[in-house]
Each structure stands twice: as structure tokens, then as C-alpha cells.
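S.K.: For the protein sequence lines, the chains are A and B, in the order given.
So the first sequence is numbered by the numbering used here: it starts at 4 and just counts up by one.
So the second sequence is numbered by the numbering used here: it starts at 4 and just counts up by one.
Simulated from the structure, these hints should not be mistaken for lab results.
Only a predicted model underlies this, so the values are computations on that prediction, with no experimental measurement involved.
It cannot be assumed that every hint is accurate.
Identical chains blur together in the list; that is why a pair holds if it fits in one copy or across any two.
To be verified - Straight line, CA to CA, 35 Å or less: simulated DSBU-like cross-link-like pairs of lysine-lysine:
id: 1; residue 1: 118; residue 2: 129
id: 2; residue 1: 22; residue 2: 73
id: 3; residue 1: 118; residue 2: 73
There are 2 protein chains.
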Amino acid sequence: MATEPIDVPELAESNESAKERLLAAAEEIFADYGYEGASVRAICHRAGMNVAAVNYHFGDKETLYVEAVKRAHNCSDTKPVDDDDPTAPASVRLERFIRHMVAMMHEPASPSAMKLVVREMADPGKAAATLVDEFIRPIAFRLRALLQELQPHQTDEERLMTGFSIIGQCLYYRQNRRVSELIFGKPQVEALTVDMVADHVVRFTRNAIGLGERPA
Amino acid sequence: MATEPIDVPELAESNESAKERLLAAAEEIFADYGYEGASVRAICHRAGMNVAAVNYHFGDKETLYVEAVKRAHNCSDTKPVDDDDPTAPASVRLERFIRHMVAMMHEPASPSAMKLVVREMADPGKAAATLVDEFIRPIAFRLRALLQELQPHQTDEERLMTGFSIIGQCLYYRQNRRVSELIFGKPQVEALTVDMVADHVVRFTRNAIGLGERPA
DNA sequence: ACTCGATTGAAACAAACGTTTAGAACAGAA
DNA sequence: TTCTGTTCTAAACGTTTGTTTCAATCGAGT
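Make the full structure from the sequences, and use the hints.
M.R.: Spelled out as C-alpha cells, the structure:
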């Protein structure tokens, strides 16, 4: 009681390691089965820990979920878009934006993290607000700024819809890949590589907003 | 045993009415809470029936779910696209296709039915195959045929991606509406009416595939 | 060695889950 | 009426859920 806790550096490490394992396991299970479908027991089993671990480290299932989603969006690779060259022409930066977006959707650094993030976005829950603030909105505002440069004569609403058209194309392959495979067969869809899709979306979008064919 | 069942006309009606109420309730609850999140008790309570009703009429929860999804896609309005005038030019039929698609996503005849269908598409389960066969694939093949008319010089893969770009734009507003509201604020997104979005997607797509601005 | 706070383990908790059972209520046929 | 089959209800089934309890274990400070 009387003794102040002082700092516990190495203990904190092992603490983080335990929480980290739990978060990693939660990310996978939540991504695969959804919030309701994932059981605390399955998560703890995956983490090699006891059922009580969730309650001890996070309090309850919901808190664990929110923390897992927060951790997931940190694992996503936002950086390549951050160090974008601001001196390049807007049309080039738009192309880079699209290519980064398509790549992120097709081959995310952490598939289960991306899966979990997209799941939360499709059905926004308690973690959605944080996710939007720290992960989604920055990307959306970057695109909006680009479109303001490229189409200053258009209204805000027109640019908003243009942004949705671009994002909609990129998101399609992540949100509807499996259905597409059911429709056209898996080989047909798998034949579409990241580069092919990126090239297509860039060309489709450039034509759509009047940038014309991309110069070689 | 010895007596054959004969026909039971009016009894069959009341039977259908009971199953129908159950299916309607299941559609709403499953659409709102997902398969795992929806409880058999909640569905039966909504239908004003006993818990055992699900097991009596459908056997188990999963069968009820599949039947509810099948019923949901029947409630969706596929017809307006069916009686499409085949004599009109392909570019006009494409525009009609897009407008119908956008309208169906924005203001479906039965919101809960559409919600349930989209949910199953996002996370394909046991009902996905039927849904694709009877509901999704016909639409997709119609679009593919249109693009074959409009862009006969392109490869199958290019046309496939073009189709995905078009569908991706239409689906965006249904799959990511709530996130968009979180990003930009509800009023900004609600300001986009069905007609505005349809006009935009038509113009965006026409430009993208080289049809030029639509003639007045 | 001893103490004490942090962490883990096995077990159990009440509640909710999908499912089942046995019988009541009903309608038509004999 | 009596019988027969169908439909519905109340109650309970066994299992699984998220959560809690409490003692065992560990690690560092005195």
C-alpha cells in the first residue's frame, strides 16, 4: 500500500507480449467468424492461454474486439501513401493513389487485419468511429484534395461522387471477390492480377474524369 | 396410414401463412443482426409464434436462413431490367442498366430483403450459390453481353474489369453508405439523391469506356 | 528465505443458445 | 361422436456462451 508501484519495465514487456498474442489471435478469429461468431474460448485457445485471460487483460469481449480492430488498422500499410511526393502533378498523384489503393485491397500486408477492418466497415460497430478517424478519413480527404486540384470547376457533390466511383472500384475486389468467383468461376477472377486491375482502374478513371489516356 | 393424405387446400394456405410470417420475421432479424447475431427466439417473437415453430416448419435455424434468403431475392425487383428493350442501342441499354442498378441499391422495393441479400453476398454462406444462380449471375451476364456489344475489340479480361468497375460504383452506395456518412457527415451523403448518383455513374462510365458525353 | 503484487490455471457461474419433447387444440373424415 | 392427422404451445433438454471466482504460480524487492 505505502510503497508506490515504481516502474516495472520488463514486466510490462511480458505483459505486452501476452496481450499481443491475445490481440493477434483475436484479429484472426474475429476476421474469420465475425464478432458474434467468434467465441472467447476459440480466441484464447488460438493464443494458447486460459479463458480468463480475456477478462483479465481486457475486461470483456467487446473491449478486446475494439482493441483488436485498432491494432489491425495500425498493421495496415498507410505509409506508402503518406510519403507521396507533393511536387508531382495531381494526375500523377491520383494514379499513385489508385495503385496504392488497389494493391492494399489485393495484397494487404496483413490479410487478417484487412479482413477485420473491412468487416467492421461493412457493419460499423463500436470500433468504427476510431477506425474512420485514424485510418479511413485521412485517405478519403487525400483523395478529395486531389480531386479539388484536378476538377476545381466541379461542385463538391460531383467531386464526392467521383471519389466514391474511384473508391468503389478499388473496394469491389475486396468486398465482392468471392461472389465474383461464384459468378464467373475462380480462374477467371484469379487471372486478374494486381497490376492488371490497377492499370484498368487508372485508365478507366483517367478517361472518366477527362484526363485522357495516360502518356507513356 | 392406409388413407392417402389427399389434398388439404385451405389448411395449406394457413400453413403457408405461418411459414410466410416466419420467413418475413427471419428476413428482418437476419438482415439486422446477421446469422450468428440473430436468435431463433427473437425471430419467433417477431413472428408472434412459439420457439418451436422454427423447428416444426423448417427443421432448424440454418434451413430457415437459407429459405429466408431465397425469399428475399424473390422480393427484389429484377423485373424492370428484364423487360429491357432489345432493339435500343447498346449504349442506351447500358444507361438503363446502370440506372436500374443504382435505383435498386438506393431504394430497394424491400430494404430488409436487399440488406439480407447484400449481407449474404459479402460473406457467402450456404445460400450464396442459389442467390448467385438465380439473382446475381443473370444480371452480371446481361452486363457482360452489353459490354461485348459496346467493346468487341477488348479482351474478356478487360471487359470483366470494366464490368467490375461499373458494378463497383453501384454497389458502393449500398455497402459503404454508413462509413461514408461517418467520414463526411450524414447530410453530405444524404444530399446525393438517386438521380444524382445515377446521372453521375452514367456520365463517369460513358466517359470511361469512350462513349463520350450523353447526347441530350 | 520471505513478502507481495502481477499473472495464470482449473473450475464453476448464470444466462442464452438451438433443439426437442409431450400434450393441448383444432379441423375434417368416417 | 370418434378417430386421425396437423398445427401450435409450454416446458425442458443439453450445450455453449461470456464472465467470475479463487487458489496456484511466478518474479522481483527487501
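S.K.: Are the hints correct? Go through all of them and say.
M.R.: Quick rundown of the hints versus the structure:
1. 118 / 129: both (17 Å within a copy, 20 Å between copies)
2. 22 / 73: For residue 22 and residue 73, the Cα distance is within 35 Å only inside one copy (13 Å; across copies 43 Å).
3. 118 / 73: Answer is both: 13 Å inside a copy and 27 Å across each meet the 35 Å cutoff.
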